[in-house]
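Chemist: In the order they appear, the protein sequences are chains A and B.
If you use my numbering, the first sequence corresponds to residues 1 to 359, in order.
If you use my numbering, the second sequence corresponds to residues 1 to 359, in order.
Some hints here could point you the wrong way.
Copies of the same chain look alike in the list, so a pair counts if it works inside one copy or between any two.
[Unchecked claim] Below are the DSSO-like pairs computed for lysine-lysine, each with C-alpha atoms no more than 27 Å apart in a straight line: (1) Lys2 / Lys86; (2) Lys328 / Lys230; (3) Lys187 / Lys354; (4) Lys86 / Lys297.
If you're looking for bench data, these hints aren't it; they were derived computationally from the structure.
2 protein chains.
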Amino acid sequence: MKEQLYTYHQLYLFAKNIFLQIGCSEANADTAAKVLLSADLRGVDSHGIARLTGYVRLWEVGRINANPSIQIVHETPSTAVINGDKGLGLVVAPAAMQVAINKANNVGTGWVSVKNSNHFGIAGYHAMMALDHDMIGIAMTNASALVAPTFSIERLLGTNPIAVAIPAGIEPPFVADFATTTAANGKLEILQRKNEDSPEGWVQTKEGAPSTDANELKKGGALLPLGGDKEHGSHKGFMLGSIVDIFSAILSGANYGPWVPPFPAYVPMPENLPGEGIGHFFGVMRIDAFRPAAEFKQHMDNWIQRFRSAQTIPTESSVIIPGEPERKMEAQRMNNGIPLHQAVIDDLRILGAKYHLEL
Amino acid sequence: MKEQLYTYHQLYLFAKNIFLQIGCSEANADTAAKVLLSADLRGVDSHGIARLTGYVRLWEVGRINANPSIQIVHETPSTAVINGDKGLGLVVAPAAMQVAINKANNVGTGWVSVKNSNHFGIAGYHAMMALDHDMIGIAMTNASALVAPTFSIERLLGTNPIAVAIPAGIEPPFVADFATTTAANGKLEILQRKNEDSPEGWVQTKEGAPSTDANELKKGGALLPLGGDKEHGSHKGFMLGSIVDIFSAILSGANYGPWVPPFPAYVPMPENLPGEGIGHFFGVMRIDAFRPAAEFKQHMDNWIQRFRSAQTIPTESSVIIPGEPERKMEAQRMNNGIPLHQAVIDDLRILGAKYHLEL
Numbered sequence: 001m002k003e004q005l006y007t008y009h010q011l012y013l014f015a016k017n018i019f020l021q022i023g024c025s026e027a028n029a030d031t032a033a034k035v036l037l038s039a040d041l042r043g044v045d046s047h048g049i050a051r052l053t054g055y056v057r058l059w060e061v062g063r064i065n066a067n068p069s070i071q072i073v074h075e076t077p078s079t080a081v082i083n084g085d086k087g088l089g090l091v092v093a094p095a096a097m098q099v100a101i102n103k104a105n106n107v108g109t110g111w112v113s114v115k116n117s118n119h120f121g122i123a124g125y126h127a128m129m130a131l132d133h134d135m136i137g138i139a140m141t142n143a144s145a146l147v148a149p150t151f152s153i154e155r156l157l158g159t160n161p162i163a164v165a166i167p168a169g170i171e172p173p174f175v176a177d178f179a180t181t182t183a184a185n186g187k188l189e190i191l192q193r194k195n196e197d198s199p200e201g202w203v204q205t206k207e208g209a210p211s212t213d214a215n216e217l218k219k220g221g222a223l224l225p226l227g228g229d230k231e232h233g234s235h236k237g238f239m240l241g242s243i244v245d246i247f248s249a250i251l252s253g254a255n256y257g258p259w260v261p262p263f264p265a266y267v268p269m270p271e272n273l274p275g276e277g278i279g280h281f282f283g284v285m286r287i288d289a290f291r292p293a294a295e296f297k298q299h300m301d302n303w304i305q306r307f308r309s310a311q312t313i314p315t316e317s318s319v320i321i322p323g324e325p326e327r328k329m330e331a332q333r334m335n336n337g338i339p340l341h342q343a344v345i346d347d348l349r350i351l352g353a354k355y356h357l358e359l
Numbered sequence: 001m002k003e004q005l006y007t008y009h010q011l012y013l014f015a016k017n018i019f020l021q022i023g024c025s026e027a028n029a030d031t032a033a034k035v036l037l038s039a040d041l042r043g044v045d046s047h048g049i050a051r052l053t054g055y056v057r058l059w060e061v062g063r064i065n066a067n068p069s070i071q072i073v074h075e076t077p078s079t080a081v082i083n084g085d086k087g088l089g090l091v092v093a094p095a096a097m098q099v100a101i102n103k104a105n106n107v108g109t110g111w112v113s114v115k116n117s118n119h120f121g122i123a124g125y126h127a128m129m130a131l132d133h134d135m136i137g138i139a140m141t142n143a144s145a146l147v148a149p150t151f152s153i154e155r156l157l158g159t160n161p162i163a164v165a166i167p168a169g170i171e172p173p174f175v176a177d178f179a180t181t182t183a184a185n186g187k188l189e190i191l192q193r194k195n196e197d198s199p200e201g202w203v204q205t206k207e208g209a210p211s212t213d214a215n216e217l218k219k220g221g222a223l224l225p226l227g228g229d230k231e232h233g234s235h236k237g238f239m240l241g242s243i244v245d246i247f248s249a250i251l252s253g254a255n256y257g258p259w260v261p262p263f264p265a266y267v268p269m270p271e272n273l274p275g276e277g278i279g280h281f282f283g284v285m286r287i288d289a290f291r292p293a294a295e296f297k298q299h300m301d302n303w304i305q306r307f308r309s310a311q312t313i314p315t316e317s318s319v320i321i322p323g324e325p326e327r328k329m330e331a332q333r334m335n336n337g338i339p340l341h342q343a344v345i346d347d348l349r350i351l352g353a354k355y356h357l358e359l
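The shape of chain A in the complex, shown without the other chains (with noise of 0.2 Å):
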């Protein structure tokens, strides 16, 4: 399929301009823009700009409030929730994580629940705002029900991401970030574009069977937690996802499970909503709060140097660790720029169009 190459001050602009055209104030159209071509930039181009249009649909429609007021609702010394007043995700999770942060800095570590936010872009961002205070940063979020837990033919989670960013030293940072499914649904999105049938383990039909189709979502099959089924570990998915859903949902007062609402505007709300939009979860340690941090991140050298010199099987170089592809990708697309497949241009020039900006 067609693509084209875009700078990274191109897409961020045409996002922001995009954001403030909604009535998101400079401030938050910025953070909104950033956070959301940081996932371009680190090769997550499901979750980037190809989302705009999305988010801009939730807005049409009344679920996502342009100008939020983010408030903490409740809070100890180490804790706090916040309700996001309907803000985009984007904008209400690195406000969020600052809290995390501040508490960290008074107390050694912060946690922050979130309820009434939208969807927040990739978690590793979020994580991410914590290693310049040489702190660990951990973010997660549920997300509307795709995923049937295991023995189930019912779609119950989303695919709740969790992503935990580790400071070293000369070493760049730990950084993971990853849906608890087998695979993400950027995944099979790129196999849909090919024509091609996905492994198995990753989706079910929609009568619990296994299936290599990946347009099986349509069809109302699921995703599939990371192990794919029970013989392989898919009840210990579950469980992770499971656990991304109650500390973002059932800690803030969000909604969870199947009542999670959906991201394409479209499709109607849940009934019965047991709580607030969708939720979050964020923590932040600070390293100094456990051991000198000079000391962690020598520790830390040598634990990511150790790792990346073993040995491997014949077909790989190198143990790949967390975060290094997403950090190269981000260097390469940065100078050579951002690569849009020609449906996303189409999309953003139609978006454009409408608010009177050009991409």
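The hints should help you fit chain B onto chain A, whose structure is shown.
Modeler: Positioned in the frame of chain A, the structure of chain B alone reads:
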């Protein structure tokens, strides 16, 4: 294979008396026996009394201190690092969890990283200590390296389990407790006893080739991270195991990666150790540091009931709520007794004879 039933009390007394014989205090022997036996009760036979001889052997070679002085070596209002003084992990872990609970009482959450400890039994026991306080409990530990990271042929990580215990209202608590590998080593041992093959994705040969030989570890092979291979998300299992390793050992100053001391006393210690003993990590979050506990529990009940009543594949009657099978097993074994394999009984009788105790 022949099995015999013992009452909980018989096995508890035997284990406690052994711990007393090697010099544990009354209180520590009681705790150690309770933690050890909780594994047998919950059906995690690989981590229960079958390991008693292993713990004693570690004491015999001087790697376990029966009378440790467990000390906080650094702390902030929400964090602590604890030096286990080479104590039994079975004793060090509950002490560390208690510190985390106290901190959660004071400032909302408590996070404790532990060095210079030993194997701590099942992670779930420690996480569940939080439940009676209306708190969420988290427990993890690193362990000696049996797991090859994605693309590696070297064993660099332990099975590094994670347990998360979350209180509910009228429903029993949600208790996840799982190794970050496709299957725990205990499951392989069951197949070995039955002379059966393992499913694909559990182990690889020492050259890194896929294998279904349940005896592969004895031939230099490795367990695989949850996911099995890259196509099925094993890099996610690798990330999870890595996070457990880093939180448990690099935050505290314990050994990590391939340097974690082995459980069998006859296996030589790794050289050039970067830390002290093995590491654990514990977290406790007070529910009402986020929202009123009664509200939270009501939503947990709703969550559990919705997931338990999900439509299932034809061969299964319900989705398994994490912790439910173990809770049922515990009730059943507390009533009817704990079955031990003849090989375990023989081993315990030899141990008993050495310390003038009868089983």
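Chemist: Taking the hints in turn, state whether each one holds.
Modeler: Hints and how they fare:
In this homomeric assembly, Lys2 and Lys86 never come within 27 Å of each other (Cα to Cα): the closest approach is 36 Å inside a single copy and 62 Å across copies. For a Cα distance limit of 27 Å, the shortest separation of Lys328 from Lys230 across copies, 19 Å, qualifies, whereas the shortest one inside one copy, 35 Å, does not. Taking the closest pair of Cα atoms, Lys187 and Lys354 never come within 27 Å of each other, the shortest separation being 30 Å inside a single copy and 59 Å across copies. When the C-alpha separation of Lys86 and Lys297 is checked against a cutoff of 27 Å, the pair qualifies only between copies, where the shortest distance is 25 Å, while the shortest distance within a copy is 38 Å.
In terms of the numbered hints stated before, the structure departs from hints 1, 3, listed from lowest to highest.
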